[in-house]
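*Asks:* As a plain string of letters, each chain reads:
Number of protein chains: 2
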Amino acid sequence: MEFATITTPAPAVPAIVEECLAKGINAVQILSAGFREAGEEGRRLEEQIARTAARGLRVVGPNCFGVYSPAGGLTILPGADLPKESGPVAFISQSGGYAIRVPHRASGWGIRFSQIVSYGNACDINECDLLEYFSQDPQTRVITGYIEGPRDGPRFFRRLKEVSQTKPVIIWKGGLSQGGARAVNSHTGSLGGEEAVWDALFRQTGAIRVNSIEELIDTTLAFLYLPEYRGRRLTVIGGGGGIGVAAADACEKVGLSVPLFPPELQKKLTAIVPPAGASTRNPVDVGSPGPRPQVLRSVLETVLTEGRVDMAIISELNMSMATPPPGSAGNPAPDARFGANVAELSRIPVEIKKRLGRPLMVVLPVEANGPEDIRVEEARRQVVNYYLGEGIPVFLTLERAVKALSNVISYYERRDALVSVNQGIPS
Amino acid sequence: MEFATITTPAPAVPAIVEECLAKGINAVQILSAGFREAGEEGRRLEEQIARTAARGLRVVGPNCFGVYSPAGGLTILPGADLPKESGPVAFISQSGGYAIRVPHRASGWGIRFSQIVSYGNACDINECDLLEYFSQDPQTRVITGYIEGPRDGPRFFRRLKEVSQTKPVIIWKGGLSQGGARAVNSHTGSLGGEEAVWDALFRQTGAIRVNSIEELIDTTLAFLYLPEYRGRRLTVIGGGGGIGVAAADACEKVGLSVPLFPPELQKKLTAIVPPAGASTRNPVDVGSPGPRPQVLRSVLETVLTEGRVDMAIISELNMSMATPPPGSAGNPAPDARFGANVAELSRIPVEIKKRLGRPLMVVLPVEANGPEDIRVEEARRQVVNYYLGEGIPVFLTLERAVKALSNVISYYERRDALVSVNQGIPS
Chain A
1 MEFATITTPA
11 PAVPAIVEEC
21 LAKGINAVQI
31 LSAGFREAGE
41 EGRRLEEQIA
51 RTAARGLRVV
61 GPNCFGVYSP
71 AGGLTILPGA
81 DLPKESGPVA
91 FISQSGGYAI
101 RVPHRASGWG
111 IRFSQIVSYG
121 NACDINECDL
131 LEYFSQDPQT
141 RVITGYIEGP
151 RDGPRFFRRL
161 KEVSQTKPVI
171 IWKGGLSQGG
181 ARAVNSHTGS
191 LGGEEAVWDA
201 LFRQTGAIRV
211 NSIEELIDTT
221 LAFLYLPEYR
231 GRRLTVIGGG
241 GGIGVAAADA
251 CEKVGLSVPL
261 FPPELQKKLT
271 AIVPPAGAST
281 RNPVDVGSPG
291 PRPQVLRSVL
301 ETVLTEGRVD
311 MAIISELNMS
321 MATPPPGSAG
331 NPAPDARFGA
341 NVAELSRIPV
351 EIKKRLGRPL
361 MVVLPVEANG
371 PEDIRVEEAR
381 RQVVNYYLGE
391 GIPVFLTLER
401 AVKALSNVIS
411 YYERRDALVS
421 VNQGIPS
Chain B
1 MEFATITTPA
11 PAVPAIVEEC
21 LAKGINAVQI
31 LSAGFREAGE
41 EGRRLEEQIA
51 RTAARGLRVV
61 GPNCFGVYSP
71 AGGLTILPGA
81 DLPKESGPVA
91 FISQSGGYAI
101 RVPHRASGWG
111 IRFSQIVSYG
121 NACDINECDL
131 LEYFSQDPQT
141 RVITGYIEGP
151 RDGPRFFRRL
161 KEVSQTKPVI
171 IWKGGLSQGG
181 ARAVNSHTGS
191 LGGEEAVWDA
201 LFRQTGAIRV
211 NSIEELIDTT
221 LAFLYLPEYR
231 GRRLTVIGGG
241 GGIGVAAADA
251 CEKVGLSVPL
261 FPPELQKKLT
271 AIVPPAGAST
281 RNPVDVGSPG
291 PRPQVLRSVL
301 ETVLTEGRVD
311 MAIISELNMS
321 MATPPPGSAG
331 NPAPDARFGA
341 NVAELSRIPV
351 EIKKRLGRPL
361 MVVLPVEANG
371 PEDIRVEEAR
381 RQVVNYYLGE
391 GIPVFLTLER
401 AVKALSNVIS
411 YYERRDALVS
421 VNQGIPS
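Protein sequence lines, in the order shown, are assigned to chains A and B. Each step along the first sequence adds one to the number in my numbering, with nothing skipped, and position 92 is 92. Each step along the second sequence adds one to the number in my numbering, with nothing skipped, and position 402 is 402.
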């Protein structure tokens, strides 16, 4: 298959597309801007291209960054040299900027892409075509998208609903505010649409709505690393009472439950944690952010086998130099004041996951933000990599972890419900 | 003044406090846990201490991490060796863990503290006493707090209202969910209180509500770096249409306005930005995340002098190696593909702020999250430090920047309104 990339100024583009068609080229991507988003003259040029396309050639764009497809050796989006390795995530983006930013930011979280398509004004190939394509693509397990305004609303609705029954589709919809809708119009010449319409769309199709680049990445990570997952009861294990309080608040805000442990279980846990300054009700406070490794091991084993919870989140424990005192930066060895057992502590979640086969999540925040603390951050990132390599998803804050988890659970719950309705079975 | 720190197990504490009183010690902090939060026996011990205190000695705690006061040379909280320098922020915390985490995380953002008081069960000195103290403290400009449940609700309300008229009081209230309230009870033995009650408290007192450690730090930063500030009209300058869309959405969500620029101003801006792929309506899209420095300079000058906006936010431009391609990590020089002018570009906001005397905010996200990208992150942090040193606040995401800004504006607006009501002047 022949594929051409066109980057000339807009007025020259229609003739080049015509030439491509004449030469038997199957598809082109037009990166140039200056079409429908720029006014009447641009609209005319774009319509000319669409007419040529209809005679036998597919067009990505114009006003886009085109296609990233590592398996096909096509890894250059403008200004970015993206990873050469393929992965299970597709990203369709009406924004060229996000077509680069999303894979950049996702790369540190171990997320790799099957393909990324920045399709801009979508004069030919649009989000519906791409949804169909990725729903059939065996390499793609999770479909993600940044959408400003679909070309054909009803068709988009139907596609989204169909595809969501087999693969999670995570959509960040931009431009729902007044100013946002205006920016959409000058960006890709689309209509932004109304909040209520999009609410209904997400509810009825089973697609997953996210509201930022961070939530898109977190949710993708949760889908990749968690099994098909429906349970809303969880335990949070942290070190410090305030963190337990914040954990419970954050979970309930997104509809997850942190159920009170029964008295017999609390009694067992009380025998494990330190005698004062801890809590065993759920969330579990192991007394300090740097507990003895054996304490974390026993607590995890006990709550996962007897706690009637679906998931354990280990939140803000000192798995790396994540909470060293300022001034210790530059020293890569764990600080003795937090116990010499940091390395052993960090291995416990991996050991428990292997032994019990239960899903776990870990929260490892950036603790120190100065340039002088950079070694601390490097150590934290190494531990993040270690967990990702062992199949344990890691998040920067507990709020973000539970939002991603809730997005995953809601998807499977709604899919169950939609499938039941479609089969005429009462849900 | 004599000051003692008590860390013995709970049952031994009352006798030691009695002994301190006999020896003429003025104040003690009791770090030990095992009091009211632990049940009936602990409650009895705590009441015994309170009775001793009433006879002539002040008590911080028990079940706390005590006092951090760099000006007084008291800089050790358990497990943390905090900065020796004082600053303009007070932090009162019912959680010991947050008394350490907040200053750790804030340190990278240039925030220093006058004092931090972890007061735990508050058997004597409580949040009301501390609010009074810091309202009078000349070194403290901003008061922050993590509160689970105040001892004396009506007094807390009155104090908060009084103090908020002279200094911003930023409160993170923990434990508003069911599980959170339970965790509060086992943490500091307090009652969590209801959402509606706390909503009313914030509305009526003029205190600023935040919902996470990140928002507490962001909002503190905004108060420290922005002048008394009330304008809700702003411009966002970014590189890439999708970022403009997200910016407008984020602003309107928190009640800020990104007003459409009038045609004559759009025309002027159009002459500055690249001919295609940019937008001048507001948000302003300068065409790419790495614009020519002269473009950013002229756009900023033009919108700040003619745009009738109160603030400009410069969002996600390549001020450091913030968006280099993966694989370029380890190379501290800006990548040529983003323009060799990165260093000059990064100086523009500082130059404009000095010349025009207008407040600016900068958004510099963490772009690459892997350990192999650590040099990229180091460069980003250096640029953050540079801006902070020049009095320009920096935020990790635009969502967080505008939330902090909105918190600042709401505070001054409500203070105006409350002062008017108190003076009998219709607001």
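Just so you know, the hints here were simulated from the structure itself, not pulled from any lab data. Take these hints with a grain of salt, some might be off.
Below, a sample of chain B positions facing chain A; criterion: calculated Cβ distance under 8 Å [unchecked claim]:
(1) ILE243
(2) ALA271
(3) GLY277
For every residue, glycine included, the Cβ atom is placed at its ideal position computed from N, Cα and C.
*Asks:* Would you mind marking each hint as holding or not holding in the structure?
*Replies:* Right, here's what the structure says about each hint:
no. : hint   : in the structure
1   : ILE243 : 6 Å, holds
2   : ALA271 : 15 Å, violated
3   : GLY277 : 4 Å, holds
Violated hint: 2 only; the structure is consistent with all others.
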